[in-house]
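Sequences are here, hints too, so could you generate the full structure?
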Amino acid sequence: MASPVTTQDKTLLASLYETIYTIRVFESEGIKLYRKGLIRGYFHPYTGEEAIAVGVCAALREQDYITSTHRGHGHCIARGADIRKMTAELLGRATGYCRGRGGSMHIADMSAGNLGANGVVGAGTPLGVGAALGTSIRGEDRVTACFTSDGAVMNGTFGEALNLAAAWSLPFVLVVENNQYAVSTPVEQTTRELDLYKRGQGMGVHSVGIDGNDVVTVYDTMQDAIGRCQAGEGPVMIECRTFRHGGHHVNDPGLYLPQDKLQHYLEHDPLTVARQYLMDAGATEAEVADIDARVEASNEDAIAFAIDSPEPDLAEFLEEVEANE
Amino acid sequence: MASPVTTQDKTLLASLYETIYTIRVFESEGIKLYRKGLIRGYFHPYTGEEAIAVGVCAALREQDYITSTHRGHGHCIARGADIRKMTAELLGRATGYCRGRGGSMHIADMSAGNLGANGVVGAGTPLGVGAALGTSIRGEDRVTACFTSDGAVMNGTFGEALNLAAAWSLPFVLVVENNQYAVSTPVEQTTRELDLYKRGQGMGVHSVGIDGNDVVTVYDTMQDAIGRCQAGEGPVMIECRTFRHGGHHVNDPGLYLPQDKLQHYLEHDPLTVARQYLMDAGATEAEVADIDARVEASNEDAIAFAIDSPEPDLAEFLEEVEANE
Amino acid sequence: MSNEPRTLMYREALNEALMEEMRRDDTVFVMGEGIAERGGSYKVTAGLLAEFGEKRVIDTPLAEASFTGAGIGAALTGMRPVVELLFIDFALLTLDQVINQAAKLKFMTGGQGNVPFVMRTQGGTGNGVAAQHSQSLEAIFYHAPGLNVVMPSCPHDAKGLLKTAVRHNDPVIFIEHKLLYMNEGPVPTDDYLIPFGQGDIKRRGSDVTLIAWSNMIPRSLTAADKLAAEGINVEVVDPRTLVPLDKELILDSVRRTEHVVIVQEAVRRGGVASDIASIIQAEAFDYLDAPIEIVAGLNTQIPFNLTLEAACVPQEDDIIAAVKRAVYA
Amino acid sequence: MSNEPRTLMYREALNEALMEEMRRDDTVFVMGEGIAERGGSYKVTAGLLAEFGEKRVIDTPLAEASFTGAGIGAALTGMRPVVELLFIDFALLTLDQVINQAAKLKFMTGGQGNVPFVMRTQGGTGNGVAAQHSQSLEAIFYHAPGLNVVMPSCPHDAKGLLKTAVRHNDPVIFIEHKLLYMNEGPVPTDDYLIPFGQGDIKRRGSDVTLIAWSNMIPRSLTAADKLAAEGINVEVVDPRTLVPLDKELILDSVRRTEHVVIVQEAVRRGGVASDIASIIQAEAFDYLDAPIEIVAGLNTQIPFNLTLEAACVPQEDDIIAAVKRAVYA
Ligand SMILES: Cc1ncc(C[n+]2csc(CCOP(=O)(O)OP(=O)(O)O)c2C)c(N)n1
Ligand SMILES: Cc1ncc(C[n+]2csc(CCOP(=O)(O)OP(=O)(O)O)c2C)c(N)n1
Ligand SMILES: [Mg+2]
Ligand SMILES: [Mg+2]
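If you're matching them up, the sequences are chains E, L, V and A in order. Last residue of the first sequence: number 325 in this note's numbering, and the count goes up by one each step with no gaps. Last residue of the second sequence: number 1325 in this note's numbering, and the count goes up by one each step with no gaps. Last residue of the third sequence: number 2329 in this note's numbering, and the count goes up by one each step with no gaps. Last residue of the fourth sequence: number 3329 in this note's numbering, and the count goes up by one each step with no gaps.
I should point out that these hints are in silico values taken from the structure, not numbers from a laboratory. Check before you lean on any hint, since a few could be wrong.
Listing some non-contacts, in silico: residues in chain V with all C-beta distances to chain A over 12 Å [what the hints assert, rightly or not]:
| no. | residue |
| --- | --- |
| 1 | Leu2008 |
| 2 | Glu2064 |
| 3 | Asn2114 |
| 4 | Ser2206 |
| 5 | Asp2246 |
Where chain L lies over chain V, by a calculated footprint (3+ residues, C-beta under 8 Å) [unchecked claim]:
| no. | region |
| --- | --- |
| 6 | 2031-2043 |
| 7 | 2117-2124 |
| 8 | 2275-2289 |
Glycine is no exception: its CB is placed at the ideal position from the N, C-alpha and C atoms.
In structure tokens form, the structure reads like this:
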């Protein structure tokens, strides 16, 4: 599946690996902050699914849009967000992306075309169709990639929105992160057809199912999808098979996850896979260690920045509310 | 496609023909009442689509349920309704099925397991899934057939509800009346995949596309579907291809319908097809004329009954409202 | 160019507003069911396809939640969509997109994204279209922070408010009334806008303040004429936009007349009338000589039969009786 | 069997209600997301799967509109479903089914079909779950004819009302509060039901009538204790069911105290408090010594940051200040 061009592009592979590791560290350190009580509300870690966001966003161009989900930190980072502002937002600080109004479930980075996470499963997909519709009306060469999830595929917005994109031939890519669970409910229990991409085919949409833990496969598939969109053949649906490394959110131990399956995916870890690609393309242990160190340092810096940041100003907030009356 | 058993069953074929003709007359006379101002609100004629309701309902057993649509007169009649009470309801009379509260878009006949028409396109499908769920919990041998439409297939309830039925293996049959138009919008404009049944296949549902104007084909397919449901293999999706003989509702001239297509379907008329089956099974012209006369007489009787019926009592209505405060 | 008002129908005034705004700004586009070639069920979008083409005048599949969401997403990324929903009753399919997304996106993102999104829809009873096509649901939108709620009662207001809605940077729920489309009234020739939050006194009077909106305005004006013949002078106040609400106009009038009647077509329980009453009693308590009279729809689903239907929503006689109760209390 | 009340948590009381009703009537079943093996996010359905099996304790896909609709369809055909919706915010996905179907089916069919359907859900702010998981949306259901709206404030009421809800023949929206689940209170051992439309005086007092529900009750009771120390005797009235509303209990209390405060967590604009105020001013106008004070959520989406969040909904101090304003007006 993996294209030889990609597997030999050491610079690209280094960047893919670095971003995956950035997400990995962001989440594991974030969980610690959560346990210390510095982060409140819901926190859904992306650990184990990083290759999807990273492969997709690496293929996207600057002008493209993404929409994200409740499990959105990875998408945000892969789309180039400043992790200082992300961490500050998770801590509810004035310096965060949403000035402390949004938190984890609503992080957005409009400057990078990230239209935002979403607390309502499935709700981002119609928004993404709208972004793609706008570009199509304006006649621009932009693609919108919507991240969504296996749970969301069972929701009405999936069929409605993908069908709209198809009927209107929009430059739209639906990226389904099929981690095989919606909280504690396995996908086997919520559908008869486990190949979710077949639903896209049933609507006349070019749809494929791929290994979502293999960043090169994701990247190549997304490149192809962008090409199809540019050729006016859009939309495309990409089902990425993956698995969480833990519970649904920080407070869920995830005991319902079958051990053998979890073990399989822990071994077929997106980070390990990406590292192997990089090594195969000629990187040395030292080079990789350098990347790791850089990533860890910048995450420490982001945390320090966030902790030092002020809380949002209450009076200012109340004035805003008043002004919107 | 048509099974020889069915094509040789003269009694059955006579009954299928009679019901189709009953609907045909009910609608054409209803339109006249509408034009006279005796019927108000919306009136969506079923003319041209009768074979679907009739084929499906003939296969159903007494204990089964149906849900209907905004274009529901045919379903109601095919499920055995009393056309006196139907006509009275269309005229908003106290003797109508809904005591004048519902009208055309909300006719229901719970006594016959007809859970009702629906003014919201697509909304009846989840209700039908619920009826099927109830029978499955109670362990009863009952099938629920949901009539729905091409427009409704583009709505969220389609994918959600059919998927629920599939995940739970319910005795549920989704009958899509694909008349190729949603008001003035052709289905080509609202989807890429014109074989709507492929969407069901994408969800792992046994799904077929058939000629909806051929009552025997509909009947045989429905028989097969009921068998599958009884065997615990449900649900089933049946896409019935058909066409309206006129506008979307009484006040729509339907000028947007392509003449050649309309002509094709006017010739491939469910009434003609059913009549031919009946004749081929050995009925005489005189026998058919008898049926026709009986149908026409009983429709006249229904209209007379409705016109003679009282309006709902206002004081009684206001008391009911008060009691529900 | 002279500014002699012409007589237009409500639907023609709306059509002009769309035409003008689409000419002025090519990020404006319209979508909905049967709005292009067919021009919409009430002909409000007639002629737009011919002038602006299918990229900007879009017929949608029957997927209310998602084409509404698509409008919101387009708005978030630089467009100005006007989405038509055939009946406000079907807005119940779209509320996650409207309330959880459109109304909250600017807030949740800390101001990063604006949603200049307009939903045009129509509500109210009319001619036996029964329980699922007759509702007056403005109270739902009124209660959701982040939405503007507009309910014009005449062609003049319809045009000026729709143009303002299209230019507004936050979501607007623009609610028409199925019985108003054919009503005629004067509409200026020149370009004009009506600001949100600016109510209008449709009739001056000194005895009682009657607050109403949408189709209850023409009905109240007729009632007021009859009451005038009996020597009762009714001031008819039309807030025109429920959010933002022109409290000052209402309170000024109440302080002058000291008697209040509020007329709403929506069901009595939990309607906007209750909220306006609660504001008046809080802010003009000492001026009130008598309880505020609310004339509203009965707390019931709307029946099909025309006689029953009429009994469920305020009629002229109900309004006259309430005014008398308020004045003679 | 003695009827000594035990101390139970709100969530345990709810769980007992479901257990008892499912034992009593095998047409009762529950469905929702993660409610079977997992027992629900708040453990209200814990243990049901083990006792009643997977036919009657059903985990659903993430298809809120349709599993709600399926509950309604099952209700129409002889079952008594209790559908759990994780957050009331997601109820916005289901409103066509709830308002256009469940609430109207009996009416539209002229009484042919009943819909004994219960939606259990939870609302309110709590611990930074932000704008899409913190709403108080009872006003929407309150405005829709045909629905009962229940909002228990303590374990005793939660159990008795949920049992009544399950046995009710019309749809019930049963709204819990995310901050109440762990609250403890006495619950009788014997089977008991609490009728709809029967409010409860949670604290007797003579100076002012304070009306509140759900999580605003414990908060108001604490405020009332503090006010008592200052010599102000607050009567705290909990309607328990908003539809039907125990108007008589409210009006009786108001006629005795002549001062009214209404406390609601939902946003001020268009909330249920406004409607209750409108009823009081209409029916007890001559008893009111001062304007009705409404203490309510700000007209805003709920922010993530905890300090900002707390500023958006009524706190103890806000309640105390409002009572003083009402009493000393
Ligand atoms: C519409 C809606 N329903 C329910 C929830 C509660 N919820 C949050 S995440 C989640 C599970 C989602 O599973 P999936 O869609 O597969 O995404 P994943 O968490 O696996 O990434 C649920 C039920 C929600 N946020 N939105
Ligand atoms: C949810 C919803 N959206 C829109 C409408 C208005 N409407 C009534 S019938 C109809 C067309 C439906 O087309 P289709 O579903 O194909 O059914 P058909 O009329 O062809 O039988 C529309 C748009 C409605 N009743 N419900
Ligand atoms: Mg998942
Ligand atoms: Mg059709």
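These are the hints, each one checked on the structure:
For Leu2008/V, the shortest C-beta to C-beta distance to chain A comes to about 32 Å, beyond the 12 Å cut-off, and the non-interface label holds. For Glu2064/V, the non-interface assignment is contradicted: its Cβ lies about 9 Å from the closest Cβ of chain A, within the 12 Å cut-off. With 12 Å as the threshold on Cβ separation, the claim that Asn2114/V sits away from chain A holds: the shortest Cβ distance comes to roughly 15 Å. The beta carbon of Ser2206/V sits about 22 Å from the closest Cβ of chain A, which is more than 12 Å, so the claim that it is off the interface holds.
At roughly 14 Å from the closest C-beta of chain A, the C-beta of Asp2246/V stays outside 12 Å, upholding its exclusion from the interface. Beta-carbon proximity to chain L at under 8 Å applies to 4 residues in the region 2031-2043 of chain V; the threshold of 3 is reached and the given coverage holds. Under the rule that three or more residues need a Cβ within less than 8 Å of chain L, the assignment of the region 2117-2124 of chain V is violated, with 0 such residues. Residues of the region 2275-2289 of chain V with a Cβ under 8 Å from some Cβ of chain L number 0, which does not satisfy the need for three, so the listed coverage is violated.
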